[in-house]
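**Q** What follows is the residue order along each chain.
Number of protein chains: 2
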Amino acid sequence: MLKDIALPHIAGLAVYEPGRPIEEVARELRLRPETIIKLASNENPLGPSPKAVTAMRRALATTHLYPDGGGFYLRQGLAKHLGMRPENIVLGNGSNEIIELLFHAFVAPGDPVVYAERSFAVYALCARLFQAQPVVVPAKDHTHDLDAMLAAINGRTKLVFIANPNNPTGTRVPNEALDRFLSRVPARTIVAIDEAYYEFLDDPPQTLRHIQRGMPNLIAMRTFSKIAGLAGLRIGYGVAGAEMTGLLNKVRQPFNVNAIAQAGALAALGDRAHIERTRRLNRQGLKYLGGEFRKMKLEFIPSEANFICVRVGGGAEVFGALQRRGVIVRPMGGYAMPEWVRVTAGTMPENRRFIRELRRLA
Amino acid sequence: MLKDIALPHIAGLAVYEPGRPIEEVARELRLRPETIIKLASNENPLGPSPKAVTAMRRALATTHLYPDGGGFYLRQGLAKHLGMRPENIVLGNGSNEIIELLFHAFVAPGDPVVYAERSFAVYALCARLFQAQPVVVPAKDHTHDLDAMLAAINGRTKLVFIANPNNPTGTRVPNEALDRFLSRVPARTIVAIDEAYYEFLDDPPQTLRHIQRGMPNLIAMRTFSKIAGLAGLRIGYGVAGAEMTGLLNKVRQPFNVNAIAQAGALAALGDRAHIERTRRLNRQGLKYLGGEFRKMKLEFIPSEANFICVRVGGGAEVFGALQRRGVIVRPMGGYAMPEWVRVTAGTMPENRRFIRELRRLA
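Chains as they are written, first to last, in this note's numbering: chain A, 5 to 366; chain B, 5 to 366.
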């Protein structure tokens, strides 16, 4: 049996159960695919940045060539965009990969890794994969409890994750609280701030300032999957001091980020119009959804991201019933919130359709 | 210092030095980019499969959606193409990632991992990253010495890599020798056969037969980077028994393969014309290059892949001199072959230009 050859901790890992393609769901439920709306993965309802699509179309002709393993042009573009230097940027096959690189570089079996209850699932996945000791800190009001997280860090803690805004709750930590946390965290603990939804914030924290001022143990992780609408391409990045990016570059594969993604991401950086349209639509969607939840007397968590959690009673049942009506949302049972579903703010017609179907279930 | 926090073996890893974009080389050497030819990375000189380009163009409109994490359609297509079942296929961000997944699943620090001298560099990279004990078996006539590799395997050996055809030498092992090796290898050692250049072989080994017959510890690794011309997309796969693919699926990231790559790869599978054109051109190129090397009285290694190694005297010097003339090849010093360069078989005009410039150096 192969499992006797595999490393002992591998057998215990959950096999990831991928969501089936919309076409498959459609076939099973006898729905036409174009009648199904997916508000389950916090994707950009406006689609990819049109500038990115143009750049990617042009790049298709040279997909026989290996990508630029150093991400030369994209790192230059990001550096200019962020007011950093190219050596402050490390590119990943999605920001998921940056998380994995941090474990490769810093975490030995048994090392404590701190993260919040009800935050991004990949922290826990990687902790198990690398045999870290997960230290899961309870949330307070659906938000990271930074004081409790600081208290959970000891001299052996290698890594702490802060998702801000947090997925799946959509909450944020106050900027002052984050600054205070960063000023107190031990120098021997790597602080990874996951800012996948950063661009949706109206009053974002100045995370990169801490890096510019020379904090070597801080990394901010961002992505082109959300505001830029490039989730299918798998491209994210870390911003950190040059010593940190140097270490992460040692543990990544030479050609980890594909060429089309690099071309699309670079063009998306300059697509202010798409970013602004996305922000505007998202604000409108969250406002509408919150208003409707209030009318329906449903508890919800005010969101700073592009999705919103609502307490519907039986999350799994409501998820199933909505799916049969062609509306895919995310049940929150896996996050110990069995009464909740998470819904992405879609286009306004999508948001209205979701509310209509939800009302029918009541 | 961060390096005191990083795991001790990380500091010793070499930072990967990426090749600079052609545009940068052009600027430095004051050459026009379109006058530079790159015969350094075994890319397809005919470009990507046109059918793949058409499919990828169509897929660009939905890059805001996450890829199908299960690779449903591509695994179905591959299964049909290979005469296997979808559960026999695991997809990777390039076949490089399949190599990394094997280490994640099977290799603990100190475990012996066997591979041949002068074979694909990523085996050694991963062995160091995962703190394996590398057991490097000398080559015989530039070819894997399978008897010596078998003898190097002991009861603790977790993993053995066989690159067939081998990169960078272009040699293959005889089919009978491979069958014999597979019949003798211990059941507790995972055998990874790297078949990145498999489709260039005229008389390929029937590797998948062994899997069909139930050999659980065998995995064949293939790629869309070479014959299909999709190196920029990063997509490769492993073919193995369902128990093996199940383990590897546990250690991969949920969305490791991008959506454009999945669409392009599926279309490329059906592009027989592009595959045949590529094979024909490659045969013609290898024949031409070999003939010219003979005329020039240069030793070369007869190749079964899409590149060829030639002994030019000072490999690094010839590489530098050719690059100044706008022809990029690969020096072999890193493989302890300092007198050699490796050149990809290009289009016939590219091959002739390479020979012309090489003759000028003589």
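In short, the hints are calculated from the structure, not lab data. In this text, a Cβ means the ideal position worked out from N, Cα and C, and glycines have one as well. Do not take every clue at face value.
[Stated by the list, open to error] Derived contacts from chain A toward chain B, CB cut-off under 10 angstroms, selection only:
1) Val-19
2) Ala-30
3) Glu-32
4) Leu-33
5) Glu-38
6) Lys-42
7) Asn-48
8) Thr-66
9) Tyr-77
10) Leu-154
11) Ala-156
12) Gly-233
13) Leu-234
**Q** If a hint holds in the structure, say so; if it does not, say that too.
**A** The hints, checked one at a time:
The beta carbon of A/Val-19 is positioned within 10 angstroms of a beta carbon in chain B (closest approach about 5 angstroms), and the interface hint is therefore held. With its C-beta approaching chain B no nearer than about 13 angstroms, A/Ala-30 sits outside the 10 angstroms limit, and its interface hint is violated. Checking A/Glu-32 against chain B by beta carbon gives a least distance of about 13 angstroms; that is not within 10 angstroms, so the hint is violated. This hint is violated: A/Leu-33 has a C-beta 16 angstroms from the nearest C-beta of chain B, more than the 10 angstroms allowed.
The restraint placing A/Glu-38 at the interface with chain B is violated, with a minimum CB-CB distance near 12 angstroms, outside the 10 angstroms limit. Because the closest C-beta pair between A/Lys-42 and chain B is about 7 angstroms apart, less than 10 angstroms, the hint holds. Given the 10 angstroms rule on beta carbons, the hint for A/Asn-48 holds: about 5 angstroms separates it from the nearest Cβ of chain B. Residue-level restraint check for A/Thr-66 holds (minimum Cβ-Cβ distance to chain B is 7 angstroms; threshold 10 angstroms).
Checking A/Tyr-77 against chain B: minimum C-beta separation of about 7 angstroms stays under 10 angstroms; hint holds. Interface restraint check: A/Leu-154 against chain B, minimum CB-CB distance 18 angstroms, threshold 10 angstroms, status violated. Contact between A/Ala-156 and chain B, as hinted, is not supported at the beta carbon level, the nearest pair being about 18 angstroms apart and thus beyond 10 angstroms. Look at A/Gly-233: its Cβ gets to within about 4 angstroms of chain B, closer than 10 angstroms, so that hint holds up.
Using the Cβ-Cβ criterion of 10 angstroms, the hint placing A/Leu-234 at the interface with chain B is satisfied: the shortest such distance is roughly 6 angstroms.
The structure fails to meet hints 2, 3, 4, 5, 10 and 11 from the earlier list, while all remaining hints are met.
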